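Taken in order, these protein sequences are the chains called A and B.
So the number in our numbering is just where the residue sits in the first sequence, counting from 1, plus 881.
So the number in our numbering is just where the residue sits in the second sequence, counting from 1, plus 881.
Check the hints yourself; a few may be wrong.
Each pair may be met inside one copy or between any two copies, as identical chains are not told apart.
Lysine to any residue pairs mimicking SDA-like chemistry, simulated, CA-CA at most 25 Å apart [stated by the list, open to error]:
| id | residue 1 | residue 2 |
| --- | --- | --- |
| 1 | Lys893 | His1084 |
| 2 | Lys892 | Arg1012 |
| 3 | Lys893 | Gly1029 |
| 4 | Lys925 | Phe1096 |
| 5 | Lys899 | Lys925 |
| 6 | Lys899 | Glu1067 |
| 7 | Lys1011 | Asp971 |
| 8 | Lys1070 | His1084 |
| 9 | Lys892 | Glu1028 |
I should point out that these hints are in silico values taken from the structure, not numbers from a laboratory.
Remember, predicted model here, so these are calculated numbers, not experimental data.
Spelled out, the chains give:
2 protein chains.
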Amino acid sequence: MLLQVTAQNYKKSGYYLKGHTVIVVDVLRATSSIIWACRNGATKVIPAADPGEGASMAARMGGCLLAGERDGLKLPGFDLGNSPSEFTRDTVQGKTIVISTTNGTGAIRNMESAGNLLIGGMLNRTAVAKRAVELGNDIIIACAGTEGEFSADDILAAGCIASAIVSLTELDEQCDLTIVSRLVYESWKKGSMDIAATHHYRHLVEMGFIEDARFCLQEDVTDVVPVYNNGMIQPMA
Amino acid sequence: MLLQVTAQNYKKSGYYLKGHTVIVVDVLRATSSIIWACRNGATKVIPAADPGEGASMAARMGGCLLAGERDGLKLPGFDLGNSPSEFTRDTVQGKTIVISTTNGTGAIRNMESAGNLLIGGMLNRTAVAKRAVELGNDIIIACAGTEGEFSADDILAAGCIASAIVSLTELDEQCDLTIVSRLVYESWKKGSMDIAATHHYRHLVEMGFIEDARFCLQEDVTDVVPVYNNGMIQPMA
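Isolated chain A (complex conformation):
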């Protein structure tokens, strides 16, 4: 089994992705919010390419919640932003959510040709790692990055999931970014990597979302693994 981690703006042919299990990670905050929505009983989550597509999808379907942000802030007229704390059981149980975020939902859509597409974060690290290993294909952990840039928070989360994968199976090969992301994770665990100094984390703190940031960096809070299929994300049956 080959394990790759990719950073921002990763593009590969649909043919290549077809043979892979892809775990998309946008730990601050889109994939963490989607995991939390599924954990709290959302029936499905539909990632929209942009806010316009999201709004028109939600209008056509009716009865769903419209969520999303740009530059961290809830979009005007939307029901929810992109904070996991908004996706409570009271709010989302039994609901369909349409969501568009700056980086995460686009990253999911970029990867839709994958043989299997899982939604990963630190919140479900062991569960998503286990599921990916069970599927038996080579694995790509695809980091959403931040506005096309390398984002250390996603690399930390990728390393967190990669380390769980390594503890579950023998790898034939790991790429350089897998090695580096595992180093980032191990350093963070030991306290020698200060995630609070990194760009996107600082931005969230400045916007008043420090509780979100702390929440999203918790490990193994749930066993729920959201799976993308045919345009929608649902918790694994």
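Chain B: place on chain A using the hints.
Chain B only, in chain A's frame:
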């Protein structure tokens, strides 16, 4: 002063680069070989976009050495490959060298709009850091990467140079990849990052170039800082 590290395939507008000092790094082996050639008395080194351009430049100019590799191997009919050990004083003193390599020379050409373009490696880490800081602009350490992929050897070297910069000046800001590359370098120094497990290093070992790889990862062997200007690289006056 802002310090950025960029990985593979970095592209920015000429206007943006104009205000920056760029240090191009392809530690295994192109920028290390260029540093070594300059240290050993080469008059100038001309980075060619591809082997064809290199061969025709060399033919037009006459009297120069033609160097280059593809997939690590010296190109047929070329005088030299891309091994620092070939660029001895006996071979290169007083000579012009035209060189084309798989990743490094293209990365230099990509950055030619930079206000100042320096050639960096671990061999000249302190000298190149000092020169970049003296120039007073924001700094980009541009890693060549390996065939468009993130390459941990270049990230190690970028971290090595970034750490030297940090010891010389107060930074206003460092990007996430700067933080991660410094972590890679510090981990390597402490023996907790095994560079021999990474992709390009292993490839060089398989090709029989382990001595080159070891040579290029030595720190502060020379004070020579090659500078690119108007299509050619010369040791700083």
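The hints, checked one at a time:
1. Lys893 <-> His1084: between (30 Å within a copy, 23 Å between copies)
2. Lys892 <-> Arg1012: Cα proximity of Lys892 and Arg1012: one copy only (23 Å, versus 37 Å across).
3. Lys893 <-> Gly1029: both (16 Å within a copy, 12 Å between copies)
4. Lys925 <-> Phe1096: within (22 Å within a copy, 55 Å between copies)
5. Lys899 <-> Lys925: Result: close within a single copy only, 23 Å intra versus 48 Å inter.
6. Lys899 <-> Glu1067: The answer is neither: 31 Å in one copy and 38 Å across copies each exceed 25 Å.
7. Lys1011 <-> Asp971: neither (29 Å within a copy, 58 Å between copies)
8. Lys1070 <-> His1084: Cα proximity of Lys1070 and His1084: one copy only (22 Å, versus 31 Å across).
9. Lys892 <-> Glu1028: Cα proximity of Lys892 and Glu1028: in one copy and across copies (15 Å, 15 Å).
Violated hints for the displayed structure, listed by number in ascending order: 6 and 7.
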